[in-house]
Amino acid sequence: MKLTRREFSAGLAAGLAAPALMRSAWAQGATIKIGMCVPVTGPAAEQGLWAQNGAKLALAAVNKAGGVLGRQVELVIEDDQTTNPGIVLAFSKLAAQSDIVAFLGSIRSTQVQAMAPDVIKVGKPVMIGGTNPDLTHSGNPWLFRFRPNDNYSGRVIADFGVTTLGKKKWAIVHSTDAFGTAGGKALTEALTKLGAPPVLDQGYANQSQDFTPVVLAVKQSGADVLGTYFTFENDLGIFARQLRQLGVNIPWVGSPSVVAVSSTKLAGPALFGTYGVADFAEDSSDTAKAFGKAYRDAYKTAPDNQSAWPYDAITILSAAINKAGSTDPNKIRDAILATQKFAGAEGEYNFDKNGDGLHGYNVVKNDKGKIVYDKHIDFND
Amino acid sequence: MDLVLQLLFTGIGIGAVYALVALGFVLIFRATNVVNFAQGEFSMVAAYLMVVCVELGLPYWLSFVIALAGMALLGVIFNLGVYYPLRHRTYLPVIIATIGASILLSNSVLAIYGPQPQVLQGWFDTPGIQLGPVYLDSQYLLIIGVTILLVLFNFWFFEKTLLGKKLQATSQDKEMASLLGISVSTMIMITFIYSAVLGGLAGILVAPVLFVSIQMGSTIALKAFAATIIGGFGDVAGAIVGGLALGVIETFGAAYISVPYKDGFAFLVLIAFLVFRPQGIFGERVAEKA
Chain A
1 MKLTRREFSA GLAAGLAAPA LMRSAWAQGA TIKIGMCVPV TGPAAEQGLW AQNGAKLALA
61 AVNKAGGVLG RQVELVIEDD QTTNPGIVLA FSKLAAQSDI VAFLGSIRST QVQAMAPDVI
121 KVGKPVMIGG TNPDLTHSGN PWLFRFRPND NYSGRVIADF GVTTLGKKKW AIVHSTDAFG
181 TAGGKALTEA LTKLGAPPVL DQGYANQSQD FTPVVLAVKQ SGADVLGTYF TFENDLGIFA
241 RQLRQLGVNI PWVGSPSVVA VSSTKLAGPA LFGTYGVADF AEDSSDTAKA FGKAYRDAYK
301 TAPDNQSAWP YDAITILSAA INKAGSTDPN KIRDAILATQ KFAGAEGEYN FDKNGDGLHG
361 YNVVKNDKGK IVYDKHIDFN D
Chain B
382 MDLVLQLLFT GIGIGAVYAL VALGFVLIFR ATNVVNFAQG EFSMVAAYLM VVCVELGLPY
442 WLSFVIALAG MALLGVIFNL GVYYPLRHRT YLPVIIATIG ASILLSNSVL AIYGPQPQVL
502 QGWFDTPGIQ LGPVYLDSQY LLIIGVTILL VLFNFWFFEK TLLGKKLQAT SQDKEMASLL
562 GISVSTMIMI TFIYSAVLGG LAGILVAPVL FVSIQMGSTI ALKAFAATII GGFGDVAGAI
622 VGGLALGVIE TFGAAYISVP YKDGFAFLVL IAFLVFRPQG IFGERVAEKA
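Protein chains in written order, with our numbering: chain A, 1 to 381; chain B, 382 to 671.
The set of hints was computed from the structure by calculation and includes no laboratory data. Note that the structure is predicted; figures quoted are calculated from it, not measured. Note that CB positions come from ideal geometry on N, CA and C, so glycine has one too. Check the hints yourself; a few may be wrong.
Claimed, not checked - DEER-style ranges, computed between Cβ atoms:
#1 K185(A) - Y494(B): 35 to 43 angstroms
#2 S559(B) - V261(A): 54 to 62 angstroms
#3 S92(A) - G645(B): 39 to 47 angstroms
#4 G513(B) - P197(A): 33 to 41 angstroms
#5 Y299(A) - I480(B): 34 to 42 angstroms
#6 Y637(B) - V76(A): 50 to 58 angstroms
#7 S559(B) - V248(A): 54 to 62 angstroms
#8 P508(B) - E46(A): 50 to 58 angstroms
#9 D297(A) - Y494(B): 25 to 33 angstroms
Full structure from sequences and hints, please.
This is the structure in structure tokens:
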């Protein structure tokens with residue numbers, strides 16, 4: 001028998017396609033797969049573990065309640081190495097598995113930015129935790145955010161200080177890195193809108209050993225309230241101590257680092273009485289409390305936003321696929337965007353057309369070293 | 382005026398920290414003609430040793446003694462493991478070996494202790510005293526006091542004692558020193574021990590102010606290195622003056638010109654010295670040596 005070139009090509013194509021066809025046929029009766037890019041190695045490996053914990057907790061609950069479309073849900077984890085090239089590689093590995101219906105991306109905005117072009121090419125929904133506003137405002141229809149973006153932290157700090165505390169003379173201290181500069185700018189804009197433009201806008205370089213000049217600038221500005229965007233907890237600790245030593249005791253409302261566990265430990269009494277914004281606060285709602293209890297029971301440690309957003313992402317994504325009644329990416333997308341008034345661990349989700357689920361922050365207070373929930377501030381736009 | 386006094390105190394305080402670490406650089410440079418890039422890590426390791434001892438419930442003074450003894454031991458190991466095998470090579474392999482050792486030290490501590498910064502209480506219960514308009518942080522007062530004592534001690538040790546003179550002789554001319562019956566390798570061993578202890582002392586003193594973290598050593602060491610060049614590499618007085626000058630310049634620069642460019646002032650001064658006076662403030666003696 002003589003094999004023609006055409007027959008050979010057809011045979012080769014069939015041979016190559018067979019495993020994929022068999023896999024997809026088999027998948028019909030098997031699990032529904034969700035891919036997750038997460039740091040397993042690298043500097044954020046510890047936080048990566050918390051993210052996996054949160055996602056797995058939600059997954060267990062979803063599967064216990066009958067799964068999605070009558071099938072069990074499976075998480076396929078790929079290490080993003082806490083780097084941008086790492087997450088691009090991890091995402092392409094996951095995207096190559098055609099039976100994965102949706103993905104969880106990173107909590108780091110820079111990583112989400114790195115993977116965004118591939119996300120458009122793949123054309124399937126990706127849940128993210130990065131808070132840079134641009135991520136969901138650059139025309140990428142496949143990114144869905146499960147944390148409030150940075151526009152809201154500035155607005156919440158401003159609103160709480162001006163409306164609740166009644167303070168109008170603001171000093172802003174922020175890091176000069178990308179996070180601190182953007183945060184400082186957002187806060188300045190929000191304050192200006194509220195009719196209280198800051199009297200001092202003071203940047204500092206990360207890893208400063210001494211903050212005396214910054215503290216003296218705050219003191220001389222005559223400000224009656226302080227708003228801060230600190231990137232590193234040890235910088236915050238040094239600043240807080242020197243602030244109190246040099247006799248500045250005005251109210252202080254800061255970005256999430258002010259109420260982070262390690263800052264509370266490092267600065268001690270210097271941070272007593274300060275307010276901070278936090279996207280996850282265990283006492284903020286019944287859902288957050290229930291998540292906190294389940295997390296503690298499962299992992300014997302306290303949860304934070306690193307584990308709360310993947311928990312919400314898996315929960316909402318599963319509900320959306322069920323509602324869509326299909327794993328078609330466009331139908332899942334429509335179902336996520338239609339999610340309104342959904343009580344999650346991070347807050348109440350009301351997705352807007354950009355794919356932002358949350359529109360506000362919790363304000364928490366350092367009460368003699370214990371972080372207590374104060375109030376939740378949401379915006380409608 | 383109040384502002385100036387407050388800035389001056391802080392500037393001198395932070396400058397004294399740079400000076401202490403710079404001293405370690407200078408001593409090793411004099412003895413071996415190489416720059417020890419692990420000097421900052423000595424400070425970091427000592428601070429972690431101190432944290433471990435205090436967490437174990439040992440008294441503060443005992444923790445201090447144990448931490449410094451640990452540093453002496455680290456000096457011995459460092460000499461035997463990093464310098465001694467390469468002592469007949471040019472300075473380049475030795476410098477690269479010290480960089481390697483610094484990466485090894487910081488990553489070892491990271492692996493054992495994790496990335497979270499730690500708190501170490503200060504020596505005194507009172508955080509500081511208010512002297513008129515100026516607030517004096519007690520830990521900075523201690524650092525300045527220790528720096529002054531060390532300057533006096535170094536002068537006495539290197540100029541008045543036999544061991545000090547032997548160390549000086551070794552650093553000036555190893556061949557001649559060994560012809561005179563001085564054991565050069567023992568002298569270099571002593572230098573490494575002393576530098577490790579000095580670096581450790583700086584780390585323990587500064588820990589209550591800057592907290593204990595993996596990168597604490599490298600950030601101080603970078604400034605201390607600049608201070609050493611400004612003061613004149615190889616000169617003890619130069620290290621002290623360079624450190625203090627750097628601390629004061631960057632504090633005033635930050636207050637009166639720009640806070641974000643604080644580190645820039647330090648390195649601007651460094652560049653100016655490298656261009657116009659590369660031998661540093663006290664540079665003549667280096668020239669003598671050459």
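Results of checking the hints against the structure:
no. : hint                                  : result
1   : K185(A) - Y494(B): 35 to 43 angstroms : holds, 36 angstroms
2   : S559(B) - V261(A): 54 to 62 angstroms : holds, 57 angstroms
3   : S92(A) - G645(B): 39 to 47 angstroms  : holds, 41 angstroms
4   : G513(B) - P197(A): 33 to 41 angstroms : holds, 35 angstroms
5   : Y299(A) - I480(B): 34 to 42 angstroms : holds, 39 angstroms
6   : Y637(B) - V76(A): 50 to 58 angstroms  : holds, 57 angstroms
7   : S559(B) - V248(A): 54 to 62 angstroms : holds, 60 angstroms
8   : P508(B) - E46(A): 50 to 58 angstroms  : violated, 32 angstroms
9   : D297(A) - Y494(B): 25 to 33 angstroms : holds, 29 angstroms
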